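Novice: Listed below are the residues making up each chain.
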Amino acid sequence: MSQLFSPRANVYSRVIIFGAVILVCGGGWATSEIFWSPYTTYVAVPFDQPVPFSHKHHVGDDGIDCRYCHNSVEKSRFAGMPTSETCMTCHSQIFNDAPVLAPVRESLATNMPLKWTRVHDLPDYVYFDHSIHVAKGLGCSTCHGRIDQMPITWRVNTLYMKWCLECHRAPQRFVRPQEKIYDMDWQSSRSQSVDGFQLVAQYQIDTSGRLTNCGTCHR
Amino acid sequence: MKSDEFAEGASEWPDELSRREFLRLAGASLALAGVGACTKQPIEKIVPYVKQPEGMVPGKPLHFATATTCNGYAQGIIVTSREGRPVKIEGNPDHPASLGATTIWAQADLLGLYDPDRAQEVMRGENISTWNDFLQDVDVALAAQQSNAGAGIHILTDTIRSPTLIAQLQAVLKRFPNAKWHRWNPIGPDSINGEVVVYDFTKAKVIVALDSDFLFMHPAALRYARDFALARRVADPTSARMSRLYVAEPTPTLTGANADHRIAIAARNIRALAKELAVRISASPRSAPLPDELVTFEPWIQTAANDLVANRGASIVITGNGQPIEVHDLIAKINDQLGSVGSTIARNSAVAGSGDAGPPITDRGYNQTESLGQLVSDMKTGDVELLIILGGNPVYDSPVDFDFASALTKVKVSVHHALHANETSRLCHWLIPAAHFLESWSDAVAFDGSISIVQPLIDPLYANISSDEMIGALIERPVRSAYEIVRETWRSTNPTPHFENDWRRALSDGVFRNIDFQSVRPAELHSAEVKTAEKISAERTGRNPMFLELLFRVRGRSRN
Numbered sequence: 154m155s156q157l158f159s160p161r162a163n164v165y166s167r168v169i170i171f172g173a174v175i176l177v178c179g180g181g182w183a184t185s186e187i188f189w190s191p192y193t194t195y196v197a198v199p200f201d202q203p204v205p206f207s208h209k210h211h212v213g214d215d216g217i218d219c220r221y222c223h224n225s226v227e228k229s230r231f232a233g234m235p236t237s238e239t240c241m242t243c244h245s246q247i248f249n250d251a252p253v254l255a256p257v258r259e260s261l262a263t264n265m266p267l268k269w270t271r272v273h274d275l276p277d278y279v280y281f282d283h284s285i286h287v288a289k290g291l292g293c294s295t296c297h298g299r300i301d302q303m304p305i306t307w308r309v310n311t312l313y314m315k316w317c318l319e320c321h322r323a324p325q326r327f328v329r330p331q332e333k334i335y336d337m338d339w340q341s342s343r344s345q346s347v348d349g350f351q352l353v354a355q356y357q358i359d360t361s362g363r364l365t366n367c368g369t370c371h372r
Numbered sequence: 059m060k061s062d063e064f065a066e067g068a069s070e071w072p073d074e075l076s077r078r079e080f081l082r083l084a085g086a087s088l089a090l091a092g093v094g095a096c097t098k099q100p101i102e103k104i105v106p107y108v109k110q111p112e113g114m115v116p117g118k119p120l121h122f123a124t125a126t127t128c129n130g131y132a133q134g135i136i137v138t139s140r141e142g143r144p145v146k147i148e149g150n151p152d153h154p155a156s157l158g159a160t161t162i163w164a165q166a167d168l169l170g171l172y173d174p175d176r177a178q179e180v181m182r183g184e185n186i187s188t189w190n191d192f193l194q195d196v197d198v199a200l201a202a203q204q205s206n207a208g209a210g211i212h213i214l215t216d217t218i219r220s221p222t223l224i225a226q227l228q229a230v231l232k233r234f235p236n237a238k239w240h241r242w243n244p245i246g247p248d249s250i251n252g253e254v255v256v257y258d259f260t261k262a263k264v265i266v267a268l269d270s271d272f273l274f275m276h277p278a279a280l281r282y283a284r285d286f287a288l289a290r291r292v293a294d295p296t297s298a299r300m301s302r303l304y305v306a307e308p309t310p311t312l313t314g315a316n317a318d319h320r321i322a323i324a325a326r327n328i329r330a331l332a333k334e335l336a337v338r339i340s341a342s343p344r345s346a347p348l349p350d351e352l353v354t355f356e357p358w359i360q361t362a363a364n365d366l367v368a369n370r371g372a373s374i375v376i377t378g379n380g381q382p383i384e385v386h387d388l389i390a391k392i393n394d395q396l397g398s399v400g401s402t403i404a405r406n407s408a409v410a411g412s413g414d415a416g417p418p419i420t421d422r423g424y425n426q427t428e429s430l431g432q433l434v435s436d437m438k439t440g441d442v443e444l445l446i447i448l449g450g451n452p453v454y455d456s457p458v459d460f461d462f463a464s465a466l467t468k469v470k471v472s473v474h475h476a477l478h479a480n481e482t483s484r485l486c487h488w489l490i491p492a493a494h495f496l497e498s499w500s501d502a503v504a505f506d507g508s509i510s511i512v513q514p515l516i517d518p519l520y521a522n523i524s525s526d527e528m529i530g531a532l533i534e535r536p537v538r539s540a541y542e543i544v545r546e547t548w549r550s551t552n553p554t555p556h557f558e559n560d561w562r563r564a565l566s567d568g569v570f571r572n573i574d575f576q577s578v579r580p581a582e583l584h585s586a587e588v589k590t591a592e593k594i595s596a597e598r599t600g601r602n603p604m605f606l607e608l609l610f611r612v613r614g615r616s617r618n
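Line order of the protein sequences matches chains A and B. All residue numbers for the first sequence refer to the numbering used here, where the first residue is 154 and numbers rise by one. All residue numbers for the second sequence refer to the numbering used here, where the first residue is 59 and numbers rise by one.
Read the hints as simulated data drawn from the structure, not as lab findings. Just to be clear, a hint being listed does not mean it is correct.
Unchecked claim - Once the Cα atoms are required to be at most 25 Å apart in a straight line, the calculated DMTMM-like pairs of lysine to aspartate or glutamate come out as:
1. Lys109/B to Asp282/A
2. Lys209/A to Asp318/B
3. Lys103/B to Glu332/A
4. Lys263/B to Asp175/B
5. Lys315/A to Asp318/B
6. Lys109/B to Glu238/A
7. Lys109/B to Glu259/A
8. Lys109/B to Asp250/A
9. Lys268/A to Glu227/A
10. Lys109/B to Asp274/A
11. Lys98/B to Glu238/A
Please read all numbers here as calculations on a predicted model, not as lab measurements.
Using the sequences and the accompanying hints, generate a full structural model.
Specialist: Given below as structure tokens:
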């Protein structure tokens with residue numbers, strides 16, 4: 154009876170086995186790289202906007218409060234976006250014929266809204282609510298980063314489920330006093346590990362585990 | 059076995075694709091469906107307002123009170139609106155016909171608003187046209203009518219209960235005294251008596267329903283079901299007593315299902331049954347033997363009659379719209395005799411569903427079929443020069459021997475104002491797309507006479523025109539907006555300095571005015587007709603035990 158396998162079969166089998174392992178690992182690595190790259194997360198990716206709006210100028214330099222423009226952030230799921238009228242309260246006086254502001258003037262004249270490109274965008278199957286987060290002591294900068302230093306707005310966090318859960322599992326690491334919500338400079342101090350729990354108790358944040366139930370965000 | 063039940067080949071497995079092959083493909087699709095999740099968020103837009111609307115917080119819903127109609131009667135609703143779009147309808151707790159509940163039809167009204175098959179454009183025959191072109195056409199037609207006081211103008215409507223619309227139609231008739239207003243509702247008159255009768259089921263100890271589905275198919279069913287349930291819920295067994303419900307009905311209904319004593323009886327025998335009840339509750343002895351068709355129901359009749367007599371002043375006898383006017387009169391007489399009017403029953407012929415603005419529109423003795431017949435014969439002789447049809451579909455649902463369709467072609471200018479293009483629109487010169495009630499101002503009267511203002515939640519999605527504007531086209535230039543027309547109706551009848559306040563309150567509460575119900579003792583109103591009713595039943599023709607009865611039951615709400 155002749156040999157079933159030729160001597161070269163050993164080589165083939167090794168190549169195939171190791172090749173398969175490398176392919177699977179490499180594929181996994183590549184997928185993960187793509188998954189966490191700005192290509193999919195949009196982190197730090199600048200977007201085309203109809204007007205090159207700069208939070209750095211308006212917030213950082215001029216010190217305008219977030220709520221002047223995002224006026225429903227404490228009341229609603231949606232943070233609110235400034236109307237064309239809001240921009241024109243100032244820009245009918247300053248930069249009132251700057252070409253960069255032409256789209257805003259045109260919007261007001263034609264009654265057609267500006268269309269900003271969404272920087273933060275959760276899939277529609279996720280429910281997110283600003284008002285509860287602000288009420289329970291989470292500052293804008295925790296999730297949106299140093300907006301006041303951004304000449305054009307970008308995303309600082311992935312908005313992946315993992316990111317939400319990191320905080321929902323341990324909110325004490327991120328909560329801050331109510332008066333610091335709009336403070337862009339706020340950093341957690343050494344004593345956060347103690348203060349955090351105190352604040353969690355003070356805000357009566359739910360620690361029963363309900364925050365990580367699927368139904369909290371997918372409803 | 060019947061092999062050609064389905065289209066050819068539909069029941070066979072095409073052999074090119076074997077079962078295994080199919081499963082393989084299905085498996086592959088299933089596996090690949092998971093890969094479909096491997097997508098990144100597409101780039102999306104965020105669009106702020108140009109000017110922030112007053113009183114709204116983006117992301118938070120707003121709620122508005124308005125009213126839908128059930129066979130013409132108002133039912134208060136609260137509509138939830140998100141970013142300017144109505145998304146959900148619920149009942150209005152402050153409205154007497156709703157008390158916070160809605161019907162399945164009210165729930166579905168939203169689908170009517172967003173229905174992509176709605177009539178969208180003003181159509182002149184096959185061509186898209188405009189409202190202004192239409193007005194020009196009307197102007198020409200009206201100019202020709204000045205000399206003969208509008209003899210060529212005919213208006214065909216459903217049963218209408220909107221006070222503003224009635225007032226407008228009256229104004230048309232005043233301006234053109236020879237014009238005619240015909241009413242046609244193929245599923246029968248709604249308020250057969252021409253008066254408003256309101257029952258208080260919370261006070262009734264004994265209820266006898268003769269072919270009446272007051273718990274479900276009734277404009278006030280939401281309210282009545284709630285009241286009925288209240289009287290059936292006994293918290294303290296020593297003092298209170300549960301009400302008892304006797305039902306005699308030809309078809310199974312929800313009311314029958316809730317009855318303590320139910321009999322199935324042919325609809326044509328209800329009259330005899332009512333008569334028998336009338337005899338038994340009166341002191342006078344029975345003159346004739348029990349008719350054959352009632353013999354089997356003897357125990358039911360006797361128990362019901364005894365119970366009614368034992369609970370004088372705390373009973374309700376009610377019948378349904380499927381029954382002829384004689385039965386309604388008999389029932390009214392029974393209720394009078396039992397002394398329930400004033401305690402469990404309130405009558406008000408003054409309101410009669412017309413509001414203050416005009417005479418009762420379901421007036422007693424108005425014969426719809428006759429009126430429609432008159433219209434058709436006028437159309438055939440070419441006397442109708444301008445015909446406005448408000449809603450409905452007479453080409454489809456008028457009696458066949460009228461041959462409405464061919465008569466319609468003889469009309470000089472025919473106009474159909476409708477939510478959907480249908481058989482009638484196709485034969486009319488003009489189709490005016492109607493506004494949905496969530497898109498337009500109007501008003502409506504509830505079963506007890508209380509009035510609701512219908513306010514819009516959204517601008518018309520298409521080139522829609524409301525009924526008020528449509529009729530306005532006959533009497534005014536420029537045609538005012540429905541808002542102005544409706545507001546004017548109520549401002550002129552309420553010349554109080556508080557009108558502005560009342561109006562705002564009405565819009566926020568959803569009820570304009572709760573009619574104060576003084577129960578009106580019926581005078582000799584019914585006696586005359588009851589005699590004829592007795593005569594009719596006496597003339598009952600020879601008995602045939604094998605009748606086949608054909609009943610048309612409306613399982614839903616008539617279009618409005």
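Novice: Each of the hints needs a verdict: does it hold here or not?
Specialist: Okay, the hints, checked on the actual structure:
1. Lys109/B to Asp282/A: Cα-Cα ~23 Å, so holds.
2. Lys209/A to Asp318/B: With Cα atoms ~77 Å apart, Lys209/A and Asp318/B exceed 25 Å; violated.
3. Lys103/B to Glu332/A: 32 Å, violated
4. Lys263/B to Asp175/B: 49 Å, violated
5. Lys315/A to Asp318/B: This hinted pair is violated, its Cα atoms lying about 60 Å apart.
6. Lys109/B to Glu238/A: Holds, at about 6 Å.
7. Lys109/B to Glu259/A: 13 Å, holds
8. Lys109/B to Asp250/A: Roughly 20 Å between the alpha carbons, so the hint for Lys109/B and Asp250/A holds.
9. Lys268/A to Glu227/A: 23 Å, holds
10. Lys109/B to Asp274/A: Holds, at roughly 24 Å.
11. Lys98/B to Glu238/A: Outside the cut-off at roughly 34 Å; violated.
Hint check: violations occur at hints 2, 3, 4, 5 and 11; the rest are consistent with the structure.
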